[in-house]
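Visitor: Sequence:
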Amino acid sequence: MNFAVSLFKFLFSKTTQSPPNLFLSPLSIYTSLAMLGLGARSLTRQQILSAMCINTAQGDKTLKDDFKNFLKKLRTKEGNVELKFSNWLFLEESNQPETQYQQDVASYYNASVQSVSFAEPQKAGRKINEQVSGRTDGKIEDLVDNLDDQTVMVILDYVTFNGK
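Quick note: the sequence shown uses UniProt numbering, first residue 1, plus one each step.
What the hints contain is simulated information worked out from the structure, not anything from laboratory work.
Hints are supplied without guarantee of correctness; some may be wrong.
Subject to a maximum C-alpha distance of 25 Å in a straight line, what follows is the list of computed SDA-like cross-link-like pairs (lysine to any residue) [as the list claims (entries may be wrong)]: (1) Lys72 to Gly138; (2) Lys61 to Leu7; (3) Lys68 to Lys123; (4) Lys84 to Val159; (5) Lys77 to Leu91; (6) Lys123 to Leu91; (7) Lys61 to Glu98.
Between beta-carbon pairs, the in silico distance windows are [as the list claims (entries may be wrong)]: (8) Ser133 to Ser25: 17 to 27 Å; (9) Asp149 to Thr16: 31 to 41 Å; (10) Pro97 to Lys61: 17 to 27 Å.
Built from N, CA and C at the ideal position, the CB exists for glycine as well.
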């Protein structure tokens with residue numbers, strides 16, 4: 001909760017007028033930061049945990065077990081209400097993460113880390129869009145369209161909500 005409130009305060013402190021339409025998901029941003037925090041070390045990790053309002057001493061437990069249980073509860077369908085979401089981390093193929101990190105991301109976040117050649121940005125964009133389209137049953141088809149050959153990482157997620 002602290003993270004969501006801090007996020008909104010920060011965003012609205014940076015603008016003099018309210019945007020006409022603003023939709024953002026603190027859950028999406030928090031999950032993306034958690035995935036990055038899980039792989040970060042030293043000062044970078046401390047800064048990510050601080051931004052997430054997580055005590056550094058509790059970092060591993062929060063980023064792993066607590067987060068896994070929280071996401072599992074969110075994914076549980078209750079009656080006519082269903083929340084679906086997924087996360088991806090697409091990395092330039094020359095930057096291979098440790099195997100343990102890939103396993104942890106899959107285990108704790110039900111997320112995927114994939115290698116992509118951003119040297120061919122259009123091909124990379126198609127690969128990413130195909131992944132998203134497949135997971136969202138075609139509801140989201142063209143999410144990524146402005147990659148260039150300097151891109152080294154794309155972290156993204158989707159959230160769909162069905163309910164009455």
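Visitor: Next, verify each hint and record whether it holds.
Guide: Structure-based check of each hint:
For the hint pairing Lys72 with Gly138, the CA-to-CA distance comes to about 24 Å; that is within 25 Å, so the pair holds. In summary, the hint linking Lys61 to Leu7 is supported, as the alpha carbons are separated by about 23 Å, within the 25 Å threshold. The hinted pair formed by Lys68 and Lys123 fails the criterion: a straight-line CA distance of about 33 Å is larger than 25 Å. The straight-line distance between the Cα atoms of Lys84 and Val159 is roughly 6 Å, inside the 25 Å bound, and the hint therefore holds.
Straight-line distance between C-alpha atoms of Lys77 and Leu91 comes to about 32 Å, which puts the hinted pair past the 25 Å bound. Using a Cα cut-off of 25 Å, the hinted pair Lys123 and Leu91 holds, with the two alpha carbons roughly 14 Å apart. As the CA atoms of Lys61 and Glu98 are separated by approximately 20 Å, the hinted pair is consistent with the 25 Å bound. The hint said 17 to 27 Å for the Cβ distance between Ser133 and Ser25, and at roughly 20 Å that hint holds.
For the pair Asp149 and Thr16, the beta carbons lie near 36 Å from each other, so the given range of 31 to 41 Å is met. Taking the beta carbon of each, Pro97 and Lys61 are about 21 Å apart, inside 17 to 27 Å as hinted.
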